[in-house]
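Chains B, C, D, E and F with the ligands: place on chain A using the hints.
There are 6 protein chains.
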Amino acid sequence: DFLHAIQEIRPAFGASTDDLERRRLNGMVDCGDRHKHLYERAMLLVEQVKVSRGSPLVTCLLEGPSGSGKTALAATIGIDSDFPFVKIISAETMIGLSESSKCAQIVKVFEDAYKSPLSIIILDDIERLLEYVGIGPRFSNLICQTLLVLLKRPPPKGKNMLVIGTTSEVDFLDSVGFCDAFSITYNVPTLKTWDARKVLQQLNVFAPDDIDAAAEALNDMPIKKLYVIVEMAAQGERGGGAEAIYSGKEKIGISHFFDCLGDVVRP
Amino acid sequence: DFLHAIQEIRPAFGASTDDLERRRLNGMVDCGDRHKHLYERAMLLVEQVKVSRGSPLVTCLLEGPSGSGKTALAATIGIDSDFPFVKIISAETMIGLSESSKCAQIVKVFEDAYKSPLSIIILDDIERLLEYVGIGPRFSNLICQTLLVLLKRPPPKGKNMLVIGTTSEVDFLDSVGFCDAFSITYNVPTLKTWDARKVLQQLNVFAPDDIDAAAEALNDMPIKKLYVIVEMAAQGERGGGAEAIYSGKEKIGISHFFDCLGDVVRP
Amino acid sequence: DFLHAIQEIRPAFGASTDDLERRRLNGMVDCGDRHKHLYERAMLLVEQVKVSRGSPLVTCLLEGPSGSGKTALAATIGIDSDFPFVKIISAETMIGLSESSKCAQIVKVFEDAYKSPLSIIILDDIERLLEYVGIGPRFSNLICQTLLVLLKRPPPKGKNMLVIGTTSEVDFLDSVGFCDAFSITYNVPTLKTWDARKVLQQLNVFAPDDIDAAAEALNDMPIKKLYVIVEMAAQGERGGGAEAIYSGKEKIGISHFFDCLGDVVRP
Amino acid sequence: DFLHAIQEIRPAFGASTDDLERRRLNGMVDCGDRHKHLYERAMLLVEQVKVSRGSPLVTCLLEGPSGSGKTALAATIGIDSDFPFVKIISAETMIGLSESSKCAQIVKVFEDAYKSPLSIIILDDIERLLEYVGIGPRFSNLICQTLLVLLKRPPPKGKNMLVIGTTSEVDFLDSVGFCDAFSITYNVPTLKTWDARKVLQQLNVFAPDDIDAAAEALNDMPIKKLYVIVEMAAQGERGGGAEAIYSGKEKIGISHFFDCLGDVVRP
Amino acid sequence: DFLHAIQEIRPAFGASTDDLERRRLNGMVDCGDRHKHLYERAMLLVEQVKVSRGSPLVTCLLEGPSGSGKTALAATIGIDSDFPFVKIISAETMIGLSESSKCAQIVKVFEDAYKSPLSIIILDDIERLLEYVGIGPRFSNLICQTLLVLLKRPPPKGKNMLVIGTTSEVDFLDSVGFCDAFSITYNVPTLKTWDARKVLQQLNVFAPDDIDAAAEALNDMPIKKLYVIVEMAAQGERGGGAEAIYSGKEKIGISHFFDCLGDVVRP
Amino acid sequence: DFLHAIQEIRPAFGASTDDLERRRLNGMVDCGDRHKHLYERAMLLVEQVKVSRGSPLVTCLLEGPSGSGKTALAATIGIDSDFPFVKIISAETMIGLSESSKCAQIVKVFEDAYKSPLSIIILDDIERLLEYVGIGPRFSNLICQTLLVLLKRPPPKGKNMLVIGTTSEVDFLDSVGFCDAFSITYNVPTLKTWDARKVLQQLNVFAPDDIDAAAEALNDMPIKKLYVIVEMAAQGERGGGAEAIYSGKEKIGISHFFDCLGDVVRP
Ligand SMILES: Nc1ncnc2c1ncn2[C@@H]1O[C@H](COP(=O)(O)OP(=O)(O)OP(=O)(O)O)[C@@H](O)[C@H]1O
Ligand SMILES: Nc1ncnc2c1ncn2[C@@H]1O[C@H](COP(=O)(O)OP(=O)(O)OP(=O)(O)O)[C@@H](O)[C@H]1O
Ligand SMILES: Nc1ncnc2c1ncn2[C@@H]1O[C@H](COP(=O)(O)OP(=O)(O)OP(=O)(O)O)[C@@H](O)[C@H]1O
Ligand SMILES: Nc1ncnc2c1ncn2[C@@H]1O[C@H](COP(=O)(O)OP(=O)(O)OP(=O)(O)O)[C@@H](O)[C@H]1O
Ligand SMILES: Nc1ncnc2c1ncn2[C@@H]1O[C@H](COP(=O)(O)OP(=O)(O)OP(=O)(O)O)[C@@H](O)[C@H]1O
Ligand SMILES: Nc1ncnc2c1ncn2[C@@H]1O[C@H](COP(=O)(O)OP(=O)(O)OP(=O)(O)O)[C@@H](O)[C@H]1O
Ligand SMILES: [Mg+2]
Ligand SMILES: [Mg+2]
Ligand SMILES: [Mg+2]
Ligand SMILES: [Mg+2]
Ligand SMILES: [Mg+2]
Ligand SMILES: [Mg+2]
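So the protein sequences, as listed, match chains A, B, C, D, E and F. Residues in the first sequence are numbered consecutively from 345, following the working numbering. Residues in the second sequence are numbered consecutively from 345, following the working numbering. Residues in the third sequence are numbered consecutively from 345, following the working numbering. Residues in the fourth sequence are numbered consecutively from 345, following the working numbering. Residues in the fifth sequence are numbered consecutively from 345, following the working numbering. Residues in the sixth sequence are numbered consecutively from 345, following the working numbering.
Extracted from the complex, chain A is given alone in its bound form:
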């Protein structure tokens, strides 16, 4: 079944950089000091992997609320590492495959990486890779066991590897032993008021007087939700206003912005 599954694997992923760039379509804006600190620490791990002799495998988990920017951060680290092998393993490219085919794909990426002296593998949205759902809970133990072994198995002699995982279900992952399996875990947080203000300033869609009020209302919001609300608000109350906003001709009406915010935030 497994051998068969290996053959079922589709042609290799597209050029990996494209694959990574797609995870940060809007580019990366400055999200405040805490996000920056995370980036720096992660880049230190990249350095460590480059020179390590005793620890050929370093593993790092990025956890945090949905939409807080974990995948974008992981992709950025991958791009900035300049490692010869950087791949992202994501449920998106494995829709509809059987558990064993998914395992085979995952193993294949690791085997490919083992051939490179320096490699980064991003396990994106591990709960989705595990087909996790909170009721039951249910998940694929086959994939779970496969990842637990891969996170512990050292690459062959002379090859060093960094594995970055992302998840918004850290409690679940902990309960199936993943947190112990990663060498280190970082929390990727939502935006606080001052982080949100920084982002809004860069987006430049509010009148200067409205930015503080808007930022305050966005306190504790993940960056993804911030983008959704801003875009909704940019349409204006009757639609059609986006062009003017993005070209800078007009600014978003602050009260309409609060309306949109109310729609998105469920009570």
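It should be emphasised that the hints constitute simulated quantities derived from the structure, not laboratory data. Where hints are given, some of them may not hold.
Since copy identity is lost for identical chains, a pair holds within one copy or between any two.
In the DSS-like style, the derived pairs of lysine-lysine whose C-alpha atoms are separated by at most 25 Å in a straight line are [to be verified]:
#1 503 / 568
#2 501 / 431
#3 568 / 394
#4 431 / 496
#5 542 / 595
#6 595 / 568
#7 452 / 503
#8 394 / 595
The following block gives chains B, C, D, E and F with the ligands in isolation, referenced to the frame of chain A:
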């Protein structure tokens, strides 16, 4: 199994507009301000998708009690959007298929939609798509995972998509992570007394003096139940009276109407 | 699997009227006012389906204790409707079939019915169709989902359909969403003392002086149990007495009757 | 699977009377008034089935503790009925078969019986037929559903059938709906002191003076255990004594008998 | 599946006596009065089976803590019986087989035994035959049902059989109905101080003055653990001392013995 | 399935010593008295197996927190034993195999070992071999049963075997009966302050004055975590410092070390 399932897919759906029109056989009557507001908000999302550059995928969930008009509203938005690709994914057309065949069908609709610059996909009765039943609870995790990935995967460059889901089991959907997966969620409510009165006036089957009493009795009723009761009452106590009522020659007897209402509403 | 299952379907049911008549082998005796009222209401639904334009699908559930006469009532409505298509879907004819074969059979009956301008489908003993058992509880979710969709899917344009379900496990059906799925639900009750007296008078196997005592003892008994007890009692204490009783030559001994009643009613 | 299973069925059972006689190898001794009453009542049902016109199917469940004589009683009724078709359905002849093969076998016996004007089917040890085990609890729902339908489906016109079930797990059977499915249920009890005395007198292995003490000690014992203990005691303390006891030359030592009793009855 | 499984059966077991002798590699030492009494009682059952006419099948369960000597006792009874057919059914010879293959093997042994006028079958470690594990709990219901039927099914006319089961999970076996299924159950206990002293005297590896202290420390120990500890202690503190001990030249140091005991007994 | 699985087995493991050496890439440093005592006791078992006649199979479980050095210790014992057959059974070499293939592999290693007069088998990370996950909990009962039988089955005459198991989930193993199955269980502990100091002295990467503070902070740390933190700290705050540290030119900054420690230890 999955590849095989893809081939098992039956010929493409019929012309989609027909498919949408079937969801509102009786046309759309005015159901009051709250329904109207929902329609307008949803049409704003349609506008947003048309012009968006940064958010190629917008997703919106319509939830509410059974028979409150969610599917009819979604179909209406699809029809009024004038998008080149509008399809409804419904359990009706997938009776008896295996989980993996259903997944393959669903994926196929998304793949087709990705070829269109602007598309709307309606996921009708998501709990039924998921084969959900409250005891257990049981549901198809395979379909669940497939939808969760599709609701997050952006369409290819240059293509924008709106996904509208409907459900009367919002608590279940929340517990398996769907509410987080949708950008925005709207509640489609039952009719209040004043909404029911508006509908009854348009149907014109009660004597003017009876409309207020009838509307009051129908408070908090979903529109579907309203139609059932009116039609039962229109038969008259001994049957055969419907013709006269619908042609306007006679009106529904208010006391017989209350009898029918009692039959339908279980204590 | 499903397509294969369709071919596995055995030749069409026998002439449907035979099939219906078998459900009321002993003919129909007058069981009192409450049963009569149910019959009349159900026949009004038959009328409604005949003339309806806006509601091509009407669905009605008959629930009540085991042996209270639900199947006999449904069969009688089917026979008295004079609709061109009347079929009963029952577990009896599907013994030993797989879940998917049963689904295929059920779907086939609906597809056949869709070809008739007016049709009645009786879903007899829905809990048995669902392979329900109280421990677990267990049941076939495949059949459950199939029925839930069929109970909601309107027939093609110009075709009207009445679906009558029967069940003695209404709480279970409610918990898997069937009660919401039916437009209307009627309770078929056991016999009260006066109903039982009416039935006994028609059977004419007791001495006139004994009928009241016998009827009182049968209070709250389903009609099926009443028939069992009467037949046991008719054998007499030493057997061989039935002939004389049914030919009217003798009457049932009331004290022997009470003995038999004690055997059947578990404490 | 089911059709295939039918072909897997082994050649028809041996001559059924042999099969029945094997269930009462030691013949039938008089077990006291309560057992006798049960036999008489059951034979009345046999009479009823012979002459019934309105109830072609009569079903009767014998329940009671393990080893109380249910199977032997059912076999005796079958033999004494003189019906042309009497068959026992037992797990013994279906060891190792799949659930669906067992169902096919069971259905086959019913189909064969339907061809006979008068038939008796014994469902022996229903919990074993259902592959029941108390932990879980687990059992075969496939076989369960099959039996539930067969216990309700009337034989064809002109054919009358008596079904006798036996079980020592009546609470379980009740919880899966079998008790409702049988027309009538009888309890087959353990032996009381006076019943045991009657049996011991017939066996004639105790000295007259010891019989009362022995019978008292056997109060509330199923007949099967009584036989086991008597046979153990008949070996004597050092073995080899059985011949003398059974030939009547010696009697069982009462104190050795109490020793054996203590071994068998777990505290 | 089952028929297929039968063919999968490997060639018949090796000569059965070898198989039995392997279960008591170290011979049988005198373990005290309680073990002796058990042996005698079991040999009485052997006698009973030899001469029985009314009870062709006698079944006996040996239960007790892990390592208390149940298998060795069963094997000894088998050897001492001098029956023409004595076989042990053990999980050891069925590693990796499917449930149905195991059933087929078990049934095969019974069928073979039925051909012998006198036979003994040892069901060794029934919980392991049932693939039991305490979490869940899980076990094979297929094998469970097979054994339950086999423990009740009498051999053919003229053949007598003794079945001896062993288990250290008597509570589990009770909960799945095995204790009721065996005619009789004996407890095989751990060693008490005086039993242990007897065993140590026979082993002759302690100085006479140390035997009492050692025996006291071994109170309530199963014989298997006693052997493990003695052998560890015989190595001496620095290894290499075993030769001298077993040849009788030296004795085990009592304080080193207590050290070893501490290692084995988990607090 | 199982026979098939055997053929699926890949070519025999590489030279076993390589396999063992990979488990202690960094060599073995002195971890303090408690680790040393464990090593000595285990080597005594090796001696015992060499000379034993009565106990051909000795089994020993090493349990302790994740990363405490269990596998390295087991590998070292295997290497130092000088036995002709030493193999490690690990989930690493069985990724993606089915349960039955894994069983077949495991059995194969035991069968191979049975051919050698003296053998050691290391069952590494038994919970991973069992595919254990804490939620549920779930695990492979097939593999579990296989191991339970293998841990009890004596090798053929004249062959002696030592089985060493490792686990960090001793409570789980206990609950499925593994602790009873092993003759003896040793706990491999984390490092206490004085153990950590010993290790740090050997690594020689801290200034002499900082060693005490560092060791104190590492109290109760498994050796694996100690290595991770030291290596992170060796990069220095801005990266690139590792070379200088390992060559001895510089020492790790103690405050940067505390920073790294904080990252790794989740609150
Ligand atoms: N620093 C940033 N600058 C600009 N856009 C960003 C930044 N970080 C994240 N985004 C954008 O925010 C959105 C959400 O980010 P991302 O997908 O990385 O979040 P996530 O934490 O992985 O979410 P999820 O939990 O859903 O997987 C994406 O569209 C991404 O491009
Ligand atoms: N505005 C409206 N005007 C007229 N008819 C309507 C309107 N809204 C809904 N209906 C009718 O009411 C019935 C129920 O509507 P619909 O199926 O959309 O409800 P729903 O909320 O999707 O129900 P369910 O929860 O069962 O899926 C349909 O027959 C539909 O045609
Ligand atoms: N009105 C009636 N007159 C005469 N016999 C009747 C009448 N109603 C029911 N019976 C008879 O009573 C018996 C039980 O009726 P029926 O099978 O319809 O009950 P039910 O409620 O469907 O039972 P179940 O719950 O077991 O399906 C049948 O033999 C039927 O013929
Ligand atoms: N009246 C009787 N006279 C002589 N022997 C009897 C009598 N009744 C039962 N036996 C014997 O007692 C034993 C147990 O009887 P039987 O198997 O009928 O009990 P049971 O209730 O069916 O047990 P189980 O619950 O195990 O199926 C059998 O050997 C049977 O032959
Ligand atoms: N009377 C005895 N004399 C000598 N050795 C014995 C005796 N009884 C048992 N043994 C030995 O003790 C060990 C354990 O005995 P045995 O395997 O029979 O125990 P058990 O109760 O079957 O254990 P388990 O519960 O693990 O199956 C065996 O090595 C056996 O040879
Ligand atoms: N005495 C030692 N000297 C040097 N390094 C050691 C020593 N013991 C263990 N290590 C190293 O520490 C790391 C963890 O050790 P090991 O894998 O044996 O731990 P473990 O207890 O088996 O962990 P796990 O629970 O994750 O299986 C390995 O890199 C190993 O090489
Ligand atoms: Mg992400
Ligand atoms: Mg809808
Ligand atoms: Mg019925
Ligand atoms: Mg019986
Ligand atoms: Mg044993
Ligand atoms: Mg390890």
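Taking the hints in turn, this is what the structure says about them:
1. 503 / 568: between (36 Å within a copy, 20 Å between copies)
2. 501 / 431: Result: close both inside a copy and across copies, 21 Å intra and 21 Å inter.
3. 568 / 394: between (32 Å within a copy, 20 Å between copies)
4. 431 / 496: both (18 Å within a copy, 20 Å between copies)
5. 542 / 595: within (17 Å within a copy, 39 Å between copies)
6. 595 / 568: Close inside one copy (21 Å), not across copies (43 Å); limit 25 Å.
7. 452 / 503: within (16 Å within a copy, 31 Å between copies)
8. 394 / 595: between (47 Å within a copy, 20 Å between copies)
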